[in-house]
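Build the full structure now, drawing on both the sequences and the hints.
Protein chains: 4
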Amino acid sequence: MFLETVRSEGLAHLSYIFGDNGKAAVVDPRRDCDIYLDIASRHDACITHIFETHRNEDYLIGSKELADKTCAQIYHSKHLDFHYGNAVSEGNTFELEDIHLKIIETPGHTYESISISLTDKKFGKEPVAVFTGDALFIGDVGRTDFYPDRAEEVAGLLYDSIFQKLLPLGDQVILHPAHGAGSVCGSGMASREFSTLGYERMCNPALRKTRDEFITYKVNEHHYKPPYFSTMHTLNLEGPPLLKNLPKPLPLSVDDFEKAMKEGMVVLDVRSPEAFAGASIPGSIAIPLEMVSSFAGWFLPYDKPIGLVVDQYEQVEAAVRYLIRVGYDTISGYLEKGLRKWEVSGRKYETLPTIYAGEVKRRIQAKEDFTLLDVRSKEEFEKGHLPNAINIYVGELPHNLDKLPKDNRPMTVFCSTGRRSTIAASLLKKSGFERIEDWLGSMSACSAIGCPTGE
Amino acid sequence: MFLETVRSEGLAHLSYIFGDNGKAAVVDPRRDCDIYLDIASRHDACITHIFETHRNEDYLIGSKELADKTCAQIYHSKHLDFHYGNAVSEGNTFELEDIHLKIIETPGHTYESISISLTDKKFGKEPVAVFTGDALFIGDVGRTDFYPDRAEEVAGLLYDSIFQKLLPLGDQVILHPAHGAGSVCGSGMASREFSTLGYERMCNPALRKTRDEFITYKVNEHHYKPPYFSTMHTLNLEGPPLLKNLPKPLPLSVDDFEKAMKEGMVVLDVRSPEAFAGASIPGSIAIPLEMVSSFAGWFLPYDKPIGLVVDQYEQVEAAVRYLIRVGYDTISGYLEKGLRKWEVSGRKYETLPTIYAGEVKRRIQAKEDFTLLDVRSKEEFEKGHLPNAINIYVGELPHNLDKLPKDNRPMTVFCSTGRRSTIAASLLKKSGFERIEDWLGSMSACSAIGCPTGE
Amino acid sequence: MFLETVRSEGLAHLSYIFGDNGKAAVVDPRRDCDIYLDIASRHDACITHIFETHRNEDYLIGSKELADKTCAQIYHSKHLDFHYGNAVSEGNTFELEDIHLKIIETPGHTYESISISLTDKKFGKEPVAVFTGDALFIGDVGRTDFYPDRAEEVAGLLYDSIFQKLLPLGDQVILHPAHGAGSVCGSGMASREFSTLGYERMCNPALRKTRDEFITYKVNEHHYKPPYFSTMHTLNLEGPPLLKNLPKPLPLSVDDFEKAMKEGMVVLDVRSPEAFAGASIPGSIAIPLEMVSSFAGWFLPYDKPIGLVVDQYEQVEAAVRYLIRVGYDTISGYLEKGLRKWEVSGRKYETLPTIYAGEVKRRIQAKEDFTLLDVRSKEEFEKGHLPNAINIYVGELPHNLDKLPKDNRPMTVFCSTGRRSTIAASLLKKSGFERIEDWLGSMSACSAIGCPTGE
Amino acid sequence: MFLETVRSEGLAHLSYIFGDNGKAAVVDPRRDCDIYLDIASRHDACITHIFETHRNEDYLIGSKELADKTCAQIYHSKHLDFHYGNAVSEGNTFELEDIHLKIIETPGHTYESISISLTDKKFGKEPVAVFTGDALFIGDVGRTDFYPDRAEEVAGLLYDSIFQKLLPLGDQVILHPAHGAGSVCGSGMASREFSTLGYERMCNPALRKTRDEFITYKVNEHHYKPPYFSTMHTLNLEGPPLLKNLPKPLPLSVDDFEKAMKEGMVVLDVRSPEAFAGASIPGSIAIPLEMVSSFAGWFLPYDKPIGLVVDQYEQVEAAVRYLIRVGYDTISGYLEKGLRKWEVSGRKYETLPTIYAGEVKRRIQAKEDFTLLDVRSKEEFEKGHLPNAINIYVGELPHNLDKLPKDNRPMTVFCSTGRRSTIAASLLKKSGFERIEDWLGSMSACSAIGCPTGE
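Residue numbers (my numbering), protein chains in the order written: chain A, 32 to 486; chain B, 32 to 486; chain C, 32 to 486; chain D, 32 to 486.
Copies of the same chain look alike in the list, so a pair counts if it fits in one copy or across any two.
Calculated pairs, DSS-like style, for lysine-lysine (alpha carbon to alpha carbon, straight line, at most 30 Å): (1) K290 <-> K368; (2) K398 <-> K379; (3) K290 <-> K461; (4) K414 <-> K240; (5) K368 <-> K152.
Hints in this document: simulated from the structure, not taken from any laboratory. In this text, all values refer to a predicted model and were calculated from it rather than measured experimentally.
The following block contains the structure:
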């Protein structure tokens, strides 16, 4: 019996493939699903079952794509009208040689969420593992803000799913959730990716509350809802379009790249914040590579082609995976390695001044006149921030530009470490703000050297 | 916080590397230790601690090798006089950023065996994982036959280690033992490589016994002790010789290979049983590639060079790893791909007739006169065997050739599936037996088609 | 400016990709064309031109497949009615930055064969390389037997193409033909894959003849024409079906594999001759992996699914490439690793006795009664053979079974080294011959030990 | 017979491995010699011969390293007192199965330079390839400035070596020199890496001269002689120290990195020019990764440890190779991925303003007051430069800082494309210059948009 976890960086998405003696099942596959076929081949197994724990808002499910490449059946909850696959409900069971699987309905995050328990028939009837989707995470629980008019009801449902359905499986059960730390689906997750129901029962802060406390806590929790969530939701219900192959963007010459820009191509620069600061194409949007899946959906239109700026070819392949996972399938091409050819062509490029913590501290202490723009989430901001800092979450920046001062003072953009600030800085430059500074290091550097923080 | 399991096939050995925020620790590293450096690099971490749960008999520990390539310290029990590293004892603790480790003395398998519990300080004081070495496996417990004159004492020690030290850590604790299914260190292990203390408490057959039942069970258990165990033991106490690099055997021409054979080189054929049966070099020992670590130590001398016969170059690299893990460092070279050049040189090669279950059954039913040699373990044999079959365990065959009939009847060699039988067949041919047949499929095929089995 | 050779083992096919400053061209791409995209990416180049030197008989051209994945144009001769791409003729030129290409019509192998000369504009007007397709090889020239009723005419055309078109380009020109040693398109090719027009002029035996001698030599040359040649020819004219992706065969359980066999699946065993000899599925056809592209077309039907027998998964991927290159796109699946599961299922498997040169020699000298079947080509046979050996070329064996003795004597099958003999042995066993022996080593071993050869 | 070219990027060094039927030879191996073993294994060949065409100044020869891992013999010219290997002279021959090699003394670049011709015995006595070391390149000839007091003599020797020894081998001979475009051993080399003696005879500009013209041309040629050349020379005569393994630098925490800097560690930043411009550690030296082998020897001391700054781990491995090839074996470690952890630690980092061609042009036209520092070679400068630009070659910058203006005007540093300018800018910042600007695009961008150039 084997079980492997497939991490999809960027989404902090966890999917699972397990099997026994030539048969295998996958839980919540991602759309670039070649990896499951590779793992199955390594174990000489045929993928026969695909389970979806719930509709998903933050990425496109890969089950149709994977089913197309195997002869597997897709299973999801009967409580939502998926236009493909097979409906299952509480208590349904599946057998893969010595593996016994059982469906457990665990609504709360969404109404149709299911969990799946795994029992090793060779060793008895106790389950040894459970796949919980977005119901129970390691160190946190799923968000419950998708039905705003029924917030208390769904928070209560989640509590009951955890306390009446999951925890009773036993302390010994290993927990396999659909997300790890860094996901937009919960902010308190542990960086540790291994846990058990017993450990969560004892140590997960969200589970140390009474039902009422839990509901109050969940109802007051704040999550951002990026615009692409509804696209994901819709496509996941219908079944995302089949890719068959990953798109393979071609290298574009500087001339062709510029021509495509003029015809509407959006430029996505996935290089490091430092490289973007050093030189970038005017009008490009910076999203450092590993953040593409989480942030593209806030800023990139679905109806325009995308042109990539990278340091090296490997980044193209990664960017393509990160983009198609959230439904961006029309990637026109990439500008040849880095910006070099653009630079030698004599074209204009821009630089983004960077600033370090000591200089920000000095300015604050010297009461110099400049704008501090904090693009962290409301939640992070409220835990501690710089005096006089303006807070607009990076994702909501495009719709809130009018809240920024229009004067000629420098505007220092920052977040927690200096990556979301780079995204924000690129958006501001694209919108015509001229005196933008990117604070690499941001609030973390601030804490390290003892900047003043206020309420 | 990351944690990765490194499986060493052939030994069914499991080692672990885990870390947090730039620091990492390794438990029971293998000797070809490049993989830990690679994983650490991937996590941007420096290996600072190496733990050995116990002296080992079945392979060479890689801690000295790994320490040589990092600046890590080695830690093992104070209850044995290791000639390197640092001694630890019950209750010692180590901190790697948010990871808290604690030494738990768990004697039984050996006197100096330790376990190490892992706590995530961010989430409280409960341990979330434990590394148990050869004390507690998934589905089984460690063997206790290394001190034959104190058999009951050590079995009792192991019981107490498990029930008084390990299980009290809590049902929620994830279990990380040093071996998985297929190891010579225990025969009842699950093929499943994930479990918890709670699950073992409930489902591990060895833990469903009283202390007295447990001791009786362990004392009556039978394990083979290959001759290389004492070599491993001695070298592990002293610290195995540093390899620095994996040996890189060179291709040998047919002439050079034959010349080396005449000068004493032992020929190890790691091809598949089918290929060995089809054609082989006279006098060669067959050990199918993935069985090399487990069986080389029974048959290969430590003071002679080894020459490999492979199908393709990748098998050379694997064979080298499997051999150096059990201390065979002098690998002269390999005969160029497969046997082809040997064949076209006009040299004699041998074939090994194979036989399938239906034919064996027919012969038995027809009461034909032939010898059935069962090379499975005594334990397997006793669970059910063919009428009139002789049982000599493959490992003990070289010293028991006089127990075999010297007549001219065919001798059908078999085991459970047809791999150990191929090893045995090669040994018998090398020893001059001429009418050897290899029964591919062996007892498994027998069961499938309904051969007669008796006592 | 870069130029890389892509070797397709099995076909001994050579294709080329070259380019300069962001643009690239490919000559005679194979059907699994991902490798050209990878090389182009590595050189940051876009493939803009694809050239076909001629229709091909021995494999499916990959130009349509490659064009589908780039925006390249396909070019081939105007003298044949290809149903896709663009027609070119003598003197047409193409520019890729500093590269200047010129079309040279070089009929003979086929009427529409073209060559392409390459000039580096930075260094003057002399060509530095030429792509000759199947007109001029290293150490040989293309076969001219495709228009049997105009044999002399086409041989003369080839002579003139070489002497009046190619050699006049200059001794300094590096030669890039479409095949290397081992191809079915010529038997005298050098194992060396680098040469120049000057070197060929001086050292190629076929070019040391007068025009008349050349024609006589070519007209009397003998080549086999496998049945699949006409399929290749037809599909190449129309444009082979688009694959988009390589087929990814799934692992089949023993039960499913046997069921598919009963429904008509052909079993192709690509393991080594030794492994096939040791144990094989009754009725399977053995073609050692690297020979699949050359020999599948003789024996496998195009209208039945194919099931693979392999030693390890990597062989599946290779076998798929080798099969689709000659148009076998319906590969059902593969039996899990090797024969092991078949063996343990208790099913019948067969062995193929092997024999070495010394034993054959002994039998001949002892005048024992047995049949010697030589499956080498007529040409090889005529250069020297064993007394009383029957010669039927392996490819023609299925249609000549009636020429074999039907008695009960052993039949020793051999070729030059023991690979084609394994193919032949599998075919004979499949056809019901029972006393087949495979002579691994064959005539090469024979020469090595001094067997008697006669006329 | 196989022949593969091994390119060592950065050095533009070409080495060769070729062989036949199980034996192989290597010409001018690099120090990280694992690649030759891999290629030999792929061809099932044993490396038996290693040839050095000459002592080398620009890198450490890997022959001792490679001999240590095989049983090969090393061969070099008898005209220099190498402290290892075997001396050969004009006319010595070597046989590797069908390959015949012949030593040709070709002095000029150095006195002891040899070439080696290769003949395929199966096809006659004409050579088909020649390895020319630094005597004859593709599009250029070797430099002859290593014996400045005998400049005319050695230039004449080189002419005679080419015209009396090499070209007479015949137009048909394929040329395999020791360097390609980008090497410090010659500036006129073609980017094309394939040529023949015939093509060079016709198209190499250096060979279109009379002997006198050639000598005058060579004597007046200007080459830089980096300080590390003498180190290479000395070590190559003695035999470079054995590495056994590539150094494997460990990740250093920000604290450890800074501590090591204080103790004398030199910081080498191999990231892209853009990333270095965006943020860098104060005092670090920037050498973009692929330029490390060529430029490290100008700036890095041999007696201090080196600390690396990289974007990702792969760059560490590449940087190590590039450094050990020129004798830097003490690499302490690398700062974890990019600068991120440095930034969040609150430590000071620096930015390097970048400037694009349009702005430079505007300033020149507006007659603004700023310094233009051109760090290209004297040769490049003389072919065309900006008005009032100061020219100091990047390599010679450290010893010529006193030639730069000490005023407070901005200093715009440039070269041909913006890479050497980044190296120079980092050196200037390290030396205390404060208003440095890096002109990415440099003179190439200048030409593209039509900047004024004057004498």
